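S.K.: Listed here are the chains, written in short residue letters.
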Amino acid sequence: MLVMAVAAVAIGTFGPIYLHSADRSVLNSALDHAPSGNLGLTLQPAHRTGSMHQLEAAADKILQPGGGRPWFGQRISTAEVGFTSVAAGQKYYSSLVDRSGVCAHLVMVAGQCSSQTGTVVLSTRSAKELGLRVGQTLHLSLIDSSRTASLKVTGLCAPNPSSPYWWGIDYFGYGTGPPNKPVIDNAFSTTSTINAIAPRALIDHILQVPFQRTSLAVNSVSAFKSMVEHYKTSALADEGVVVSTQLPHVLAVASANERTPNSIVLVVDIELLLLAAFALYFVASRTAWERMADVQLAVLRGYRPRSTLSVALAEPIVVVLIALPVGLLLAWTVAVTAATGLFGPGVGASVTLLALGGALVSGVIGILAVALGARRVLRAADVGEAPGASSRRLSTWRLVGDVAVIAIAGAAFVELTVAGVSGVSGETNADPLSAFAPGLLALALGVVAARLLPVLLRSSHRLTRSRSVAWVIATRRVARRPEFSSEIVLVAMCTALAVFGVSGWAINARNHTVHNSFAVGAKEVLTVSVRPGVRFLPAVRSADRFGHSAMAAVVERATDGTTLAVDTRDMAEVMSWPPGLSATGSTRIAHRLVPRGLSPPVKVTGAALRMTVTARVNARPGPQLSVDLFDEGSQTVDQVELGTLATGTSTYEAPIVGLCPATCRLMDIAISWTPPTITSTQAGSADLNISSFSELHGGLWEPINAGLQTLRRWANLTGGAHLSTSSKGLTALVELNPDGTPVEVSPHDVSRYLPAVLTTRLEAIDGEPPPVIGLDGGTINAHSVGQVLALPRVGSDAALVDLEMAERFLSGPFTYATTEVWLSSSAPADIVSRLAANGISVLGVDSLEARGRAFDHSGVNLAYNLFLIAGMAAALLGVASASLALAASTRGREAELAAMRAIGIPAGSLRHSIEAEQALALGAGVIFGTGAGLGAAAVALRSIPEFVTLVPGPPLQLGLPVILLATGLATTLVIFSLVVQLGSSALVKRATIEKLGGSLK
Amino acid sequence: MTVPTVTARSEEPGTVAGGVDVHLIGVVHLYRQSGSDIVALRGVDLDIGSGEMVALLGPSGMGKSTVLRLMAGLMTPSAGTVTVGPHDFRRLSAAERRALRAGEISFMVQGSGTNVLPFATPTQNIWFAQHGTKVSGKSPPWTPSQLLEMLGIQDFASVPVARLPLGLKQQVSVAACVASAPRLLLADEPTAQLASEASADVVRLFQRVNEVLGTTIVIVTHDPSIAAMFPRTVTIRDGRVGAEGHLGEEYAVVDGSGSIQLPPRVLETLPPNSRVRVIEIPDGVELRKAELRE
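Those protein sequence lines, which keep their order, are chains A and B.
Letter 292 of the first sequence, counting from 1, is numbered 322 in our numbering, and no numbers are missing.
Letter 276 of the second sequence, counting from 1, is numbered 312 in our numbering, and no numbers are missing.
Hints are computed from structural coordinates only; laboratory data are not their basis.
Small disclaimer: the values here were computed from a predicted structure and weren't measured.
There is no bait here: all hints are sound.
Here are some chain B residues pointing at chain A (derived, C-beta under 7 Å): (1) 134; (2) 137; (3) 150; (4) 165.
Where is the CB? At the ideal position from N, CA and C, for every residue including glycine.
Same shape as in the complex, but just chain B:
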């Protein structure tokens, strides 16, 4: 079996295009409800480079999945800009966004059962996933069996997904999601409900996809141990980018408006409504608690 080579984006069959960069600039998103609106994102600035692997961390309801859906073009932001490669989603129609999902962007939703047809085999699922690309007049870079072999799950190619264990089922989901060689792979809680070993297998598969295809990969997870396996983490808190982690070290992030979220542990020292002095030092700034004179 010949493993396809990773090159720049090409229409030639048998070749893949690598990753794509993603930029969110001042993204605000509101969910409209009868009576009141819910603010999910309050101004997210985020840059993800081509071929990067990023894990979005954060508590439930803080906007991680919304960020992911906006990156997938499944929703349009209430304000701000989302660009994926050269594509500014504000300027794209629904059909154009759909066309992107048929080729360049792949979205893996939460739950193994929802990303694959449970009654179909992995091979058939990959065929199904490639259908959108074919209908768009493009040829997928590999056949289903080539992809399965490339990802190392070819032994289960003919077994209906419903019969596979949960971990393998999720690996097939990953395979289905990269069936059309997307440049951006978005995964919402891909390891939820998986045992730690199975979770590690799935993450390793993401890493292999990233290595082999150069795909930009963004996942949402609650699990810090999973996030730790990614070279970059982004913590979403209160609808903003709260922090970033690189190679195990966490950093606060200054957003476009100059705001910065302090880590929760610092809030004991600097509780809300505290006044601080910002003192410039040679390689940065220093915050000191300030007492107002009466």
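Isolated chain A, as found in the complex:
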């Protein structure tokens, strides 16, 4: 009984301790995983004329807590002025920055940090871009000013943008900015240098006040948030300082995350506590007879009712009182032991007032349970009462109780089925009736099993007429002894809660792993910057040594949708594409995103172009012949005029020096005509045959692989031309547009519609092809090749396209695009350095592992971990109470078994009878409990808010963890059978015939 009482108190106490630690863990996790710069306060003058002195004065007024660690740490002041610098004809954009303590945080790789006026530190890659070394001079021009300055480079540093010292501000923005305004990393200097070269109005001052993450107590969060909000208002009103911070938002997210487990922990803990109380009642009632003699003696000795009651209850109450500190200690020990694993480093386990309250409530419930369990003793001790009346009253109450339990459980289950756990989808406040439905269902099914089994056994006995003594004894005992009813109910409840808890935990873990993977998009996603002039897609492919482990991706985010363009060559191997996301797999989707029959693009890389054209022109003046080239490095379109088209065979040439430093793609050959006066009656035509197309390389004209003899490689998307090919080349019969609109003959390397996988919210309306956002911010008509609820990483309102195809639709640079490299689990360890070698620098990393770590300490996960703990605790409780009950019944059954041995029933048969009766009771409990647990899991888990409110993504996988459950149940049954075998052997051994002499009455 002490074991049960300790378990009940420990369970009642563990919930509040767990909840407190979970709150701390969630808060820590929210603060730890908040992006750098989202924590702390950033102070800026409301007007440009503001000074650092003004910011310092405002920072002095930040409140700190009365005691304990201060909330805010040492301030960081920053002065910054923008500048440009020209190298090799290219103007680069950057800023000159002084930041307090910067020299301690710069990773110097050459020279020294800047400490004197007129000196500067550059990053290695900026210095390389500018062609500077240590000791040389940086010539700069201030932005928005005519001032120039020359600063001596005293050192070179390696970019370390991920250091929290930078507060997430992109001081190392190398590679960002549009191709025509390339940005290099900031240059670091001193305040005196900045003040010397820049007028005060151009210098931006900020003061950052870091937040000490571990200084905030869980119960001070609200007060802290209020303080921050109040300070923001007063700083602006009183000091003219704008305070920006994400702290309230981060803390609000943490608070919301903390609320999530509250209802779950409460429900799980109460259910477990009630289960423990029931187990305690069960054990108390099974051991009650041991105290019966004492109580009867008290009655005989004329004790008053209160004194008799104390004789009956003194022992169990003392046991519960002893269990209070022991259970508290046990819960705390378990929580402390598991704290690091469950809640992360730095989170301990505290015995809060709530935990003490939980222990007391558990103790009270425990005392009530043992009091109920002892009622048999009091009733039996009432020696004057006729037995018949008592049993009639009991049967009536039992019937009423059974009906009530089944009715309430039925109502709860209906409520759960109809309205779900939360009642209203998306809310985290659980509907109490639904929330307790699993426990109630287990109780009801346990009661049904307990009442049904005796009836079945009586019937089966009549039908089978078994001659096995063991079986006859076992079935009659189970059919007639009331204590088996409570054993069946208890085992059913324990089994149901164990099955439900383990199922909930497993399903949650599986779904959140899938969703985390879906949210990241791959095992790891690198946000990268691309060196100006470097072609992103080929660079990633080049860095991916073995292929299919690194995928180039560009995310174009616009207000009306997001376009995710990926290298479909690697999509199937790299991208997370959970089962059920689409009707077909990712391999087929990847194939569909690349239209068939397109010709390869026509690439131009030379210094000049030459085209041999035989033409018959019927227009005055002659039409203009030009080509449009797309520079894939700078992502700009250039029109190259080849000249006026004239009748006869002519060679048209034009220099393209500087236009295509890397590679250009031929967009089209355009024939445009501008008549002197534009009238609708005017007409003109030109028939031309392009027999050769070549480029100048090193003084030699080399043919361009344009497929002039292959008709399918060319298209006329603008209309106005009839195309044909022959061995002599490409022939176009062109009807000239009198309004000057060019007639374009294009390589057939793009389709009319861009194939795309669309999320449901972007689907076509009225059958019209849906527009998607191109990588240059323009609109592209798409052709849907698949439909999903959401796309990996970008979610809903998004389209997935092939990156190479999307690039062919470019008519300008990426606008709001983020370049990313998605990595599979087989990506080589040196992929980052290989990317760097190909001109791709990593700015940030998002990984499944990091999200998993963050999720480990989220409120939802901590809540579901409690499901697992509760499940295991329920299983242990079941095994322990069944074992204790068997042990407790030993003394009471000695005489009975001894009497059977005395009349010649073999010990083996008696042992088998005990095993059989336990198998019947435990088996019924386990079977009905498993049914209740599976039923509750199947209905309840699909409506649990944490699943329902997940971002749109792959469908929930609600399949029950059959193997896990089967293993758990098998293990439990093995333990049960071992306990029963040992118990029955011991019991029969002790029941010797000599015991009959010593067993009185």
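Guided by the hints, dock chain B onto chain A, whose structure is given.
M.R.: Frame of chain A; chain B shown alone:
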């Protein structure tokens, strides 16, 4: 050690009150069962004097234990009157009957294990038995050790009862039952399962209690040899007082309605439904079998 003196009933500590008389007049008792009632006693008339030692004899199921329980106030009779000293049980509430059991009446149930706490020592058992008296605001007349010494079982005062042999265990039970110096001691089969020597020890203890304390003692037994050690025996047959024995001689008893149970051996001569003539003789009556004229 000073042995307390026996006096009239007193509230003074260290003194005991002696015995009490018991009267059963026309007592009928039915055990109510679902479906049918069982008649346990059919009209028992019995007078037991103060300080008397009586053994109730009779076959199983004839109502001996029921008589004892009625005397203890554990049950109320279906009809008739049970008085113990000045107390008419019909007029007493359950609480008042309980209060009597805390002081004046002690009941020793069948089986040595049920009258004592097996895990406790004799001293502790006597303390436990005296608790009811103390709670009622009265002081027991002796301490546990005084009582044990008085009964001659002080050598085992500190040994848990569970470790004692059966006979000694039963003697401790007797000690526990007289812990509060009851005026009426009722014992149900106190020698059951005891060897003859142990049984004799227990009876001798009863006799000592009777001598020292003057307690009225009524026991139930199956064993005629045990009954023979009591100065008076009462045989209960078919729910009535069938016979009485005094100093080894058995007598039939005329009850309140004038009925008399013939000894079983006489039934051969006078089988059931026989007609007899009742002939008065100078010192009694004579029964003669009568033949009815046709």
